[in-house]
Every structure is written in C-alpha cells, then in structure tokens.
Amino acid sequence: MAIEGADLVKAAAYLGAGISMGLGAIGPGVGEGMAAAKACEAIGRNPQEAGLLTRTMLVGQAVSESTGIYSLVIALLLLFVV
Amino acid sequence: MPYDLQTWIKVAAFAGGGLAMGFGAIGAAIGEGYTAAQANSALARNPGSVGTIFKSMLVGQAIAESASIFALVIAMILLFSNFTATSYVTVAGLLGAGLSIGFGAIGSGVGSGFPAGAACIGMGRQPAMSGRLTTNMLIGSAVCQTPSIFALVTSFILIFSDFSKVPVNPAWAALLGAGFASGLGAIGSGIGGGVVAEASCEGIARHPASVRQVTNIMLLGQAITQTPAILGLLVSFILIFKKFTATDAIAPGMALLSAGLCMGIGAIGPGLGEGIASSGGVRWIARNPAFTGTLTRTMLVGMAVAESTAIYSMVIALVLVFVV
Amino acid sequence: MMESVRETQKKYCSRAMTAAILIGFGLILAGQTPMGKGVILGTLFSVINFILIGETLPLKLGKSKEKTFFLSLGSVMVRNLLMAVPLILALKFDQFNLFATIGGLFLVQLMILADHLLSRISQTQKSQI
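Chains S, A and F supply the protein sequences, listed in that same order. Using the numbering used here, the letters of the first sequence correspond one by one to residues 1 to 82. Using the numbering used here, the letters of the second sequence correspond one by one to residues 83 to 406. Using the numbering used here, the letters of the third sequence correspond one by one to residues 407 to 535.
Calculated directly from the structure, the hints in this document are not laboratory data. Just so we're clear, the structure is a prediction, and the values are computed from it rather than from any experiment. Heads up, some of the hints might be wrong.
[As the list claims (entries may be wrong)] The calculated SDA-like cross-link candidates involving lysine to any residue, where the alpha carbons are at most 20 Å apart (straight line), are:
| id | chain 1 | residue 1 | chain 2 | residue 2 |
| --- | --- | --- | --- | --- |
| 1 | F | K417 | F | L433 |
| 2 | S | K10 | A | S243 |
| 3 | F | K417 | F | T462 |
| 4 | S | K10 | A | F326 |
| 5 | F | K498 | A | F165 |
| 6 | F | K417 | A | A126 |
| 7 | F | K469 | A | A126 |
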C-alpha cells in the first residue's frame, strides 16, 4: 500500500474535522444545560416572569451555541475546502 | 519478527477485555464511593436511620452495578472464547467491542451513584419517605443503565458478526469508529440521567407531597437525556452495517474512524447538559408543584437547545460516512 | 442494624432462586437442558454477589473519601472475579448455555425492579381511587 502525500492530507483533514466537531460540542452542550437549569430555578422562585425568563434563557443559550457553530464551520471547511 | 493473524486476534481480544473490565469496575467504584460518602453524612445527621439507609444502599448498589456486570460479560467472552478468523477486520471488531462497553459502562456506573447518594441524604432527613424514595431511586438508576445497554448491544454485534467477506481497509476503521461512537456516546447520557435522578430524590425528600409529578417529570427528563446515546448507537449501526468498497488509500478509513469519534465525543456534552437542565426543572417542580406545566415547558425548550450540538455532531458524522 | 439488610436479602434471594428453579426446570422439561442449567448457575452466583454486597456495606462507613473509593474498587473487583466463574464455565463447557447464564446473573436485579415497579403501580391505582 503506497502512501501518497495528497492521501495523507485528506486523511488528516477528515480526522481533524471529526475531532473539531466532537470536542467543540462538549462545551456548548454543558453550558446550555446550565443556563436552562438556572432558568428553571428562576421560574420556580418567580413564576409570574416565566415568559421573560424563558426569552432570556434562549438568548443566553444562543450565545453559548455560537462556539458550537464555529466548530461546525471549521469541520465543514476541513471537509470540503481543504 | 512477523506476527500472524491469530496472534493479532489474541492481542485484540485481551486488550479489549482488559479495557472493558478496568473501565467498568472504575465507573462502578466511583458511583459506589460517592453513595457511601453521602450515606456517611446522612448517618452523621441522623444515626437512627441506619437500617433504612443500609437497606436502600443494598438494593441501589445491586442495580447500579449492572453496567459493570455487562462489561464483565463482554470481557469474559473476549478473554475466554476461541476466535477463528480469516480476516484482519476481526481484530478491529474485537477491539471495538471492548472500547464500546468499557467507555459505555463508565457513565452508567458513575451516574447511578448520584440518585443513591441523594436517597441516603433524603432518608436521613425524612425517614418516613424511605419507601417512596427507594422506589424513585431504583427507577432512576435503572434508566441510567440504558446507555450501557446500547453499548452492550454494539459490543455483541461486533463480537458475533461475520466480517470475513468485508474489505479490510476501510472496514477496520469503521468497526473501531462504531466502538467509539456508542461507547463514548453513552458516557454523557449515563451521567446526565444520574444528575436528573439525584435532583428528583432530593426534591421528594424536601417536599414529599410532590412525589407523583416529580417521578413523572424525572422519567421524561431522563428519556430525553438518553437521545445523544441513541444518536451514538445509530451512527455505530450505520458504521457496522454499511457496505464499503475496498481501497488502498488511508483517507476513506480515517473518515469513518473520525465519524465515530466525532459522534462519540460530541454526545458527551449534550448528554451531560440535558441532564443538568432537566435536574434544574425537576428540583424546582418539587419545590413549586403548582407551576409544573410552566417549568416543564421551559425545561423542554432548554433541553432541545442543548441537544442541537449533538445533532451538529451527527450531521458531520453522516457527512463523513456518506458524502466524502 | 443488619436485620433490615438480612431481611431484604432473604426476600429477594429466595424469590430469585425460586424463579430460577421454576424457569430452569421448565426449560429442562422442554428439552433445553443447557439453557435450564445456565439459568440456575447464573442465578446462584447472582445471589452470592447480592449477599456479598450487603456484607461489605458497613466496611465503607466512617472512612475518608479516597479510602471509600479504593474499598469500593476492591469490592467490585472481588465480586467481578466471583461472577466471572459462571461465565467462564458457560464459555468452556457445552452443558451451560452462555446467554441463559448471563440472564441468570441479572435475576436478582430483575426481582428488585419488578417488586418496586409493581408496588408503585398499585400505589398510583390506590391514589386514583
């Protein structure tokens, strides 16, 4: 089996894409969970403001989602552009 | 010195068996150690409740250990069977089986220690609730075992399938990737399910009147927390059963291994995060049962958003398998 | 303080053994001798494991966190070695069916879960009436 340079580069790019998306999903997943747990706590203490608190939770989760989307973009770049 | 196929198969079987047994035992030991530490502090508070606490620790530990017994079963099959194989793919299959159940047993072992510990603390506080608490804890830790059952299924398929007709080059990576996908994918869901059950045991001990809502919402939260592990199982089934064309290049194999790793690692975070989100919901439903509907809605929305990163990982894994 | 532990052990162990013997004899009568023997063998070791869990519980109390972890690891290892025996027997000898033995190893756990689930269902039915 002859190993060529282009083949090696492709293999490394595929491995990198997988690891990038995999590791990149850990942080946002845990962080969004924490945001939701705190939102439930706040609603439990103050149920009248449930609508406002849910909206705030979604904004916070959207921001912490951004790092997950960066990983997705990098993974897609590694797959299709490199 | 050249090694022949039989030697490699023995090496893979021993390595896989060792991995499965070691990781399985460590996960169960962490869970049991945590339970015992919580029981200590409950007994310091209320030494009179020692009988009920021991009783619930006994049954709790018997259920919590199922994951490590699954790992033991696979380890014994790997160590003591005679594998006669004609292809190097079997080497990867046996190693993948060990990886799958080894990693898969960690999460369930650690996770089912949480509800048992919370139940001990709760019995110290409310000895009158010990029956309901034990039932709730047992249901919670039984659901915690499901990710390790998924890993067990993958391991059995990897051990007992016939891979003699499969092309060696991309298939070895696919089988290792399948082991990683369902093994690593089970860690987050196992621990996350435990976090939910812990919150529900604590909540029942604080507010015994809310027991019905709390157990129901706990089951809902735990069921959704299992979804990242199910996605991992799905990707590993695709990797095991897809037909591949033989090739000389490294890149196709790496893409399949990477798909497994991506799905496996990517499922840890969402599994854990959904567990944390659901534990917040369950904890505050126990304190404020009148607003169960509002709290459940917010909890479900939060969990759905936390799930999204697991879905990104699955998309990348599917692209790696089917597109590139 | 050990009475409640003994009582629980006696309850679940006798139920599991009875179920295993009934299932085992049923299978042997149906002509599936290896399966019946496997179920009984697995359940026997499952029961021994359950008794050992109860005996090691008091050892873990009143110790530091690290010590508790290592004690738990030791007890898990010892019990795993014990439960490896029926699996090795089933793998090496054709008299015992492997999958029946694996099923037998989980019979005590199944009895515990069934007991608690049934009591939960009957409780919810009572509260609805």
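Hints, verified against the model:
1. K417(F) <-> L433(F): Violated. K417(F) to L433(F) sits at ~24 Å, over the 20 Å cutoff.
2. K10(S) <-> S243(A): The hint is violated at about 30 Å.
3. K417(F) <-> T462(F): Holds: K417(F) and T462(F) sit about 19 Å apart, inside 20 Å.
4. K10(S) <-> F326(A): 18 Å, holds
5. K498(F) <-> F165(A): 13 Å, holds
6. K417(F) <-> A126(A): Violated, at about 29 Å.
7. K469(F) <-> A126(A): Distance of about 12 Å is within 20 Å: holds.
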